[in-house]
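Number of protein chains: 2
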Amino acid sequence: MVNSAVSEFEGYATRALDAPSMVPRREPVVFGCEADGPFDADQLQTYEQQGFLVIDELVDSDFIDALRDALSRIVNDPALSDDERLVREPGSDAVRSVFEIHRLDPIFANLATDPRVLGRVRQILGSEVYLHQTRANLKPGFRGKEFFWHSDFETWHAEDGMPTMRALSISISLTANEVHNGSLMIIPGSHRTFVGCCGETPSDHYRDSLRAQQVGIPGEMELSRLVADGGIELITGQAGSAVMFDCNAMHGSSGNITPYSRSNLFYVFNSVENAVTEPFAAEVPRPTFIAARQVEALR
Amino acid sequence: MVNSAVSEFEGYATRALDAPSMVPRREPVVFGCEADGPFDADQLQTYEQQGFLVIDELVDSDFIDALRDALSRIVNDPALSDDERLVREPGSDAVRSVFEIHRLDPIFANLATDPRVLGRVRQILGSEVYLHQTRANLKPGFRGKEFFWHSDFETWHAEDGMPTMRALSISISLTANEVHNGSLMIIPGSHRTFVGCCGETPSDHYRDSLRAQQVGIPGEMELSRLVADGGIELITGQAGSAVMFDCNAMHGSSGNITPYSRSNLFYVFNSVENAVTEPFAAEVPRPTFIAARQVEALR
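First to last, the sequence lines map onto chains A and B.
As numbered in numbering that gives the first Met the number 0, residues 0 to 298 make up the first sequence, in order.
As numbered in numbering that gives the first Met the number 0, residues 0 to 298 make up the second sequence, in order.
For the record, the hints were derived by calculation from the structure and aren't laboratory data.
Hints should not be assumed to be uniformly reliable.
[What the hints assert, rightly or not] Non-contacting residues of chain A with respect to chain B, defined by C-beta distances greater than 10 Å in every case (computed):
{"hint": "1", "residue": "Glu9"}
{"hint": "2", "residue": "Gly36"}
{"hint": "3", "residue": "Ala108"}
{"hint": "4", "residue": "Ala111"}
{"hint": "5", "residue": "Val178"}
{"hint": "6", "residue": "Met184"}
{"hint": "7", "residue": "Leu233"}
{"hint": "8", "residue": "Tyr259"}
[Claimed, not checked] Cβ pair distances, simulated, as ranges:
{"hint": "9", "chain 1": "A", "residue 1": "Pro105", "chain 2": "B", "residue 2": "Val74", "range": "35 to 41 Å"}
{"hint": "10", "chain 1": "A", "residue 1": "Leu16", "chain 2": "B", "residue 2": "Pro23", "range": "20 to 26 Å"}
{"hint": "11", "chain 1": "A", "residue 1": "Phe62", "chain 2": "B", "residue 2": "Asp76", "range": "55 to 61 Å"}
Just so we're clear, the structure is a prediction, and the values are computed from it rather than from any experiment.
Even glycine gets a Cβ: it sits at the ideal position worked out from N, Cα and C.
The whole structure should be built from the sequences, with the hints applied where relevant.
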């Protein structure tokens with residue numbers, strides 16, 4: 000059921016619009032303060048202004064090895080080969096993403112509550128938090144495909160019913176993110192503008208959108224304006240580095256023709272005060288392995 | 000007619016192979032010496048070892064503006080809209096490449112004989128030279144597609160009948176080449192190894208290969224070995240910068256989802272002592288707008 004009441008009065012208008020739109024963000028970006036956690040005032044200000052923050056070494060190389068081993072076990076587990084949480088590359092059998100990693104191995108669940116992660120997340124969101132989504136993205140060498148520009152919040156709002164911009168992602172690198180292997184690109188400052196997208200949400204859109212998105216794509220004019228204001232930041236870093244970014248930060252990545260695969264873990268944290276409702280622009284919510292519908296505060 | 004006699008005794012084996020192959024280059028890389036031209040001994044040694052050399056400012060910004068204007072006139076000339084020298088992006092009408100630019104505007108012909116260009120080319124190739132191919136590559140913003148790894152010489156040998164590795168390309172940037180907009184990637188040192196490719200050459204292969212190559216593609220194992228030895232260099236630079244690279248240097252580029260188009264001019268110079276013969280692995284040579292068959296030494 001489409002959340003038309005909320006959509007009309009409180010939601011951000013998107014999907015099936017006559018024309019793309021750009022409206023200012025209504026919510027704060029940083030909900031906590033310096034006293035609440037590990038980030039100092041400068042870091043909080045950077046996050047507020049840029050919409051993201053790079054952490055050079057969030058975890059050490061031994062722990063990265065353990066995470067990689069766990070992911071490898073999941074990808075190669077015959078019992079999971081037909082599991083819908085394993086999404087494959089268009090035109091190949093190579094695994095592109097694994098969803099709900101925190102339920103597939105305890106090491107991934109523990110990482111979400113690690114003080115280095117949870118402390119920073121709570122500080123930014125200024126409340127208790129829960130996991131909206133977790134996944135591993137594996138961009139294989141030679142044939143990793145691009146992800147076009149998008150705001151995660153646009154999809155979470157339209158298809159999952161996330162009411163406001165009080166969520167963030169943390170991406171943790173399992174392999175080196177280089178200038179040439181399809182690393183994350185973010186438009187600094189783009190999180191301050193909501194870009195409404197044309198195109199109606201098809202039924203079961205998530206099946207295709209996880210491989211190659213067709214709707215929820217911002218227009219070229221809107222992207223050009225965001226880039227003219229903020230430029231483009233290509234996020235590189237060694238395995239173990241991480242980037243935290245706001246739910247509405249416009250981001251994407253190029254394909255990967257190098258032999259170096261690019262693998263990352265993604266954790267999406269939502270404030271417990273921002274629990275999902277009915278979708279704002281879709282008939283039914285996406286499956287729970289993609290977007291949790293139960294608030295379970297992390298401790 | 001396939002040049003089977005030469006192929007058997009002197010050519011580099013490629014296309015329709017049972018398995019990919021890697022054989023050492025037989026020819027020198029630098030045919031001239033320091034006394035012959037503008038490059039000093041260090042630069043010649045770098046070119047010899049890496050297979051390419053970056054020139055930070057080959058031409059100034061006024062001249063770049065004039066080149067861009069000339070290219071824009073060609074792309075927008077209604078008389079040329081159906082010309083086969085204008086190649087369009089897969090799935091769009093956007094022009095991806097313009098061939099034979101030196102015959103479409105005198106400014107492009109003059110650039111080929113400019114001493115800053117021709118002096119360097121003659122010094123590397125150690126002889127008089129002629130133009131094997133010229134083109135402009137326009138990688139449009141938002142939807143520029145990738146070019147997978149390839150050695151130009153593999154194609155020129157197989158499809159055009161270029162006998163030996165005594166040719167080079169110079170790529171001149173008309174727009175900034177950034178880390179994020181699909182800039183040229185080269186594998187340093189790869190020019191010293193010829194990688195034979197599987198797959199027979201289809202008739203009229205050039206029509207498709209200019210949009211998205213299907214044969215003449217090196218194997219993943221061979222690419223991994225080259226990259227393990229030499230790494231990957233991503234070539235960035237401002238408009239007016241240039242890179243000269245050996246005909247057998249393995250190179251490619253990622254797609255471009257940024258709003259910034261990436262346009263370059265490509266000039267391919269061949270030694271007059273290396274004139275093309277019959278193709279080594281194709282029934283008929285490619286059209287002359289793609290690969291010249293007449294030796295006209297540049298002066």
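Review point. Against the structure shown, which of the earlier numbered hints fail to hold, in ascending order?
Key: 5, 6, 7, 8, 9, 10
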